[in-house]
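Enquirer: Residue numbers (this note's numbering), protein chains in the order written: chain A, 1 to 202; chain B, 203 to 527; chain C, 528 to 1069.
Treat the hints with care, since some could be wrong.
As the list claims (entries may be wrong) - With a cut-off of at most 35 Å between alpha-carbon atoms, the simulated DSBU-like pairs for lysine-lysine come out as follows:
| id | chain 1 | residue 1 | chain 2 | residue 2 |
| --- | --- | --- | --- | --- |
| 1 | C | K974 | A | K200 |
| 2 | C | K569 | A | K190 |
| 3 | C | K672 | C | K545 |
| 4 | B | K280 | C | K710 |
| 5 | A | K96 | C | K657 |
| 6 | A | K96 | C | K672 |
| 7 | A | K200 | C | K877 |
| 8 | A | K190 | C | K866 |
| 9 | C | K885 | A | K200 |
| 10 | C | K902 | B | K340 |
| 11 | C | K866 | C | K954 |
| 12 | C | K552 | C | K992 |
| 13 | C | K974 | C | K999 |
Calculated from the structure, these hints are not laboratory results.
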Amino acid sequence: MEINPKELELMGKTQSPPPGLVNFFKVEDVFNLARAHSLWPLTFGLACCAIELMAGGAARFDMDRFGFGVVRPSPRQADLMIVAGTISRKMAPCIKTLYDQMPSPKYVIALGGCATAGGPFKYPGQYGILEGIDKIIPVNVYVPGCPPRPEALLAGILELQKQIIEGKAQGRTSPAVVHDSQDNRPAEHKNAISRAEFRKTT
Amino acid sequence: MNSSLLSETFKIVLLGTLAILFVAVNALFLVWMERRVAARFQLRRGPIHVGWQGSLQTLADALKLLSKELVFPHEANKFLYLLAPLLAFAPIVCAFVILPLGPGAVIRDLNVGFLLLFALTNISFIGIFMAGWASNNKYGALGSMRAVAQNISYEIPLLLSTMGVVMAAQTMKLSEIVSLQEKAWFITVQPLAFLLFFCSSLAEANRAPFDIPEAESELVAGFHTEYSGMRFALFFLGEYTAIFVSSAVAAALFLGGWQGPLLPGPFWLLLKTYALVFTVMWVRWTFPRLRSDQLMNFAWKVLIPFGILNVFGTALWLYFEKFFA
Amino acid sequence: MPTLAEKDIKTWLLENVKPDEFLEKDFKKSGILFEAVVPSGKIRETAAEFLAQGYFLESLTAVDFAECFEVVYHFNRWESPPKRCCVKILVPKEENKAPSISSIYKSANWFEREVYDLFGIHFTDHPNLKRILLPESSAIFPLLKSFKGEPAGSDVEQSLKLIEEDKEGFEIRYPQTITEHQKEYYLNLGPQHPSTHGVLRILLHLSGERVLDAEPIIGYAHRHHEKMMEIQTYQACWPNMGRLDYVGAMSYNFAYALLVEKAMGIQPSRRVEFIRVITTELNRITSHLLWLGTFLMDLGAFTPFFYCFDDRERILDILEMVTGERLTYDYFRFGGLDKDVPADFVPAVKAFIPHFKKRLRDYDLLITKNIIFQKRTKGVGVLSRENALAYGVTGPCLRASGVPFDLRRDEPYSIYPELDFDVAAAKDGDVFSRHLVRMQEMRESLKIVSQIIDKIPPGEITLGKLPKNVPKGETYTAVEGARGLFGMCLLSDGSLNPYRLKLRTPSFSNLNAMIDMVHGCFVSDVVSVLGSLDVVLPEIDR
């Protein structure tokens, strides 16, 4: 294997045998290596980023080179959920269900601004979207961009690969309420104007 | 217990283990080959980074599938759900019993030869039906229904097409059929039968353009929608082994099996088989999928009439041959 | 004939309905011929007459004023010169009821549900008045001016509560188990399904594999574009244009630029027009290529997808060179462009043209002439002219039904009248015809590009500093997007941001027409019909 020596070195550094009668950590390392090189994504696109996800699998970028090309339509057979696009409130429960249906070990990549934190559709008082998929499911890697280029997606998956080999691929959910600087933008909600006034002047 | 029984038992265990080992390695190779072949058809490279030329890619996939969580769907029929993958996989491995690898190199040279083979491969369809039915999923149920309909339809032309060969060879022993092809392969005398056999075996192995039981864009994943981890891998193994077996049988029946100059028999058989498997892949990555009713029409209105015609023609030829000889 | 018919509907309106207000409009400036405010009791009668005269319902929306709601109907006809008319009814706020015209126009069914969803206006006698874009458990009517945003926008607990409520509603309405000896059952295609092209859910009522009834359920990609545009400046709306129909975003840029230019009364330079047309047509090709690849994938052929994407990448390289983006373009500006094209642009386009011509030949040989492909597509999912009219279908889907209606020719904008191109059309209205039309359109787009690529005149690419607000008034603009007629209806109150901006997206009506196309089909055909409609979900859900 081409990347083997480096990876083995990394494993040696980061893993220490846990206490116990029988240790399976070496076996676990081998499995992690296998998992890292065989991430089957779930066929699943939400919006714009899905097109770049498709482009990532298509001829020029070809995710299959690294073994990420077996796109499974059934969540039961997938390892990796690439959340590509805006999560609307209506879609959020379905994503949660899909995540629950995937067998562990499972990983999540938040692709693009919307899946990371709401992207361009975030404004104070918005009513339609969930600001970041990490509010409902744990995320391993965030890929920024709107939409990210396919290269960025590949880099994201390779980063996840590194995490898995190191045995550190624990996803995180974000705290319930996130205050970021953008939330202070005042939204200019207008009041209704009078129709009679409007008609008079036009 | 006498010694012959012991040695016989030992032989069975040894050969069985060898067969299963071969099945596993062969499936890994075929999946890798499929992905590389598909990539070549599609202007891309396919798996190249895991091992030399991606040769360890499928091993990684297999190990990962081994270590995945086995999900058991809510309200599924537990017994059938667990039995189905085994039933879909095991009979196909059994088919290796009668596969002649070289002169005399066959585990059991039965006189009903490939009748047993077809009986065995049919059992795997029961497994597929059980899988879809037991997993309490509508896509699965639809997929398994389609599988049953397809299997029933395509079994007939498959057997009809082999009848021509049997009539010409006057035997059902696979090894004898192969030995008879020393001078001329049966494809030269039975070209129509070969075409029919190839089409039907594509359908029997659920391969595109006849892959409606697991039609990805329609039924998500068809009968194995609810299967995860190693149980899913067993279906996969079964599918690829079925392709190998049907290609090997086609090679034995029509392409002269182990016959070939210079090189040893098993090598020739494997070469011919893999060439056929390559053709199967070529077809898959070229054509769109048929619709289920068109699939049935193709079997009942095209393949079966031609199959009967072929049997009839062969019979006439055999009858009049006596007068000319 | 056309002039007579136009006179007919106008005189008919004036004589029979006696509108409360009637305004003749300048088509060049406002995009409509006349505007009539009719008594709400007479709208059904009016709509029936419009249908009888061959008008389709282009859009139906509402505007929230202080004293009442205005429900706005735009009717149009497949004809050149354009015949867009605007009819309005006033709905008092305390009553909040309007008569439904869904029994006259089938497309009104979804339009009225949308208005109900966003404004809370009840349509009496509507067969199925429920939420369409928002979750069914929602309690808000977001486009009301009194709706000031949800304070708990980023509160996860609130979101999770909503999620739980949705789940319950989901299971109650559609019982999931098959009872014994039951032949008919429901099947959910989506929202996560490999061939729904995003997050569409189709509830199929099946008997075996036969489709008895299909109900597309949309709203899974609702991104509150229209509300967003009401609270941000005109300039800040550009990114929204790139993300509505991300596959053919240039046409949407074009529409928005034309809309505001029309409202402000400005005209870009010739150079800008040429570059706009070239980039839009290139983008149209990428859109059709994406459609071709995914459509063939729906039919089970995987390889064309990769070839289409290979060609698509070549165009994206050119467009990226110009715009800096691969997908969600916001390249146009009011009265100009973001930046001029680089020097490599013209040679790159010229190099692409012969390559793509060769590829188009390959596609024809390998796909159009493939017998399995023809068997799967011919005679499937037929859209008749009558249904196309009733559903307001536009774009390639309409042209495949034998109506050569293309806004580039019939309501010409920019430099299209000077160009030599044919409007692709087929007559059968089935999936195969739609395939033929799109293949032909790629050829025509290539023809347009090769015609003018050498003739880009010199000129300024911006008009310099422009006022930030748009004058008071109502403007309607429509362009021919890759999927059909994309209309924008702007009501400006003269301030820095739009008062109401309705987006009339083609896929919305085209998808609605699917209901009648899949009766009696197999599940496999549903997939191919859906693929042939070429819907983009965020454009439908907005």
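Enquirer: Hint by hint, note whether the structure agrees.
Expert: Status of the hints after comparison with the structure:
Our distance criterion of 35 Å between C-alpha atoms is broken by K974 (chain C) and K200 (chain A), whose separation comes to about 48 Å. Of the supplied pair hints, the one linking K569 (chain C) and K190 (chain A) holds, its CA atoms being roughly 32 Å apart against a limit of 35 Å. A C-alpha spacing of about 31 Å is found between K672 (chain C) and K545 (chain C), which places the hinted pair at or below 35 Å, so the restraint holds. For the suggested pair K280 (chain B) and K710 (chain C), the alpha carbons sit about 24 Å apart, so the restraint of at most 35 Å is met.
The hinted pair formed by K96 (chain A) and K657 (chain C) meets the criterion: a straight-line CA distance of about 25 Å does not exceed 35 Å. Restraint check for K96 (chain A) and K672 (chain C): the C-alpha separation of about 33 Å stays at or below 35 Å, so the hint holds. A C-alpha spacing of about 53 Å is found between K200 (chain A) and K877 (chain C), which places the hinted pair above 35 Å, so the restraint is violated. This hinted pair checks out: K190 (chain A) and K866 (chain C) have alpha carbons roughly 33 Å apart, not beyond 35 Å.
For the suggested pair K885 (chain C) and K200 (chain A), the alpha carbons sit about 59 Å apart, so the restraint of at most 35 Å is broken. Proposed proximity of K902 (chain C) and K340 (chain B) is supported: the alpha carbons are some 27 Å apart, at most 35 Å. For the given pair, K866 (chain C) sits about 42 Å from K954 (chain C) by alpha-carbon distance, which is inconsistent with the 35 Å threshold. A C-alpha spacing of about 29 Å is found between K552 (chain C) and K992 (chain C), which places the hinted pair at or below 35 Å, so the restraint holds.
With a C-alpha separation of about 40 Å, the suggested pair K974 (chain C) and K999 (chain C) falls outside the 35 Å cut-off, and the hint is violated.
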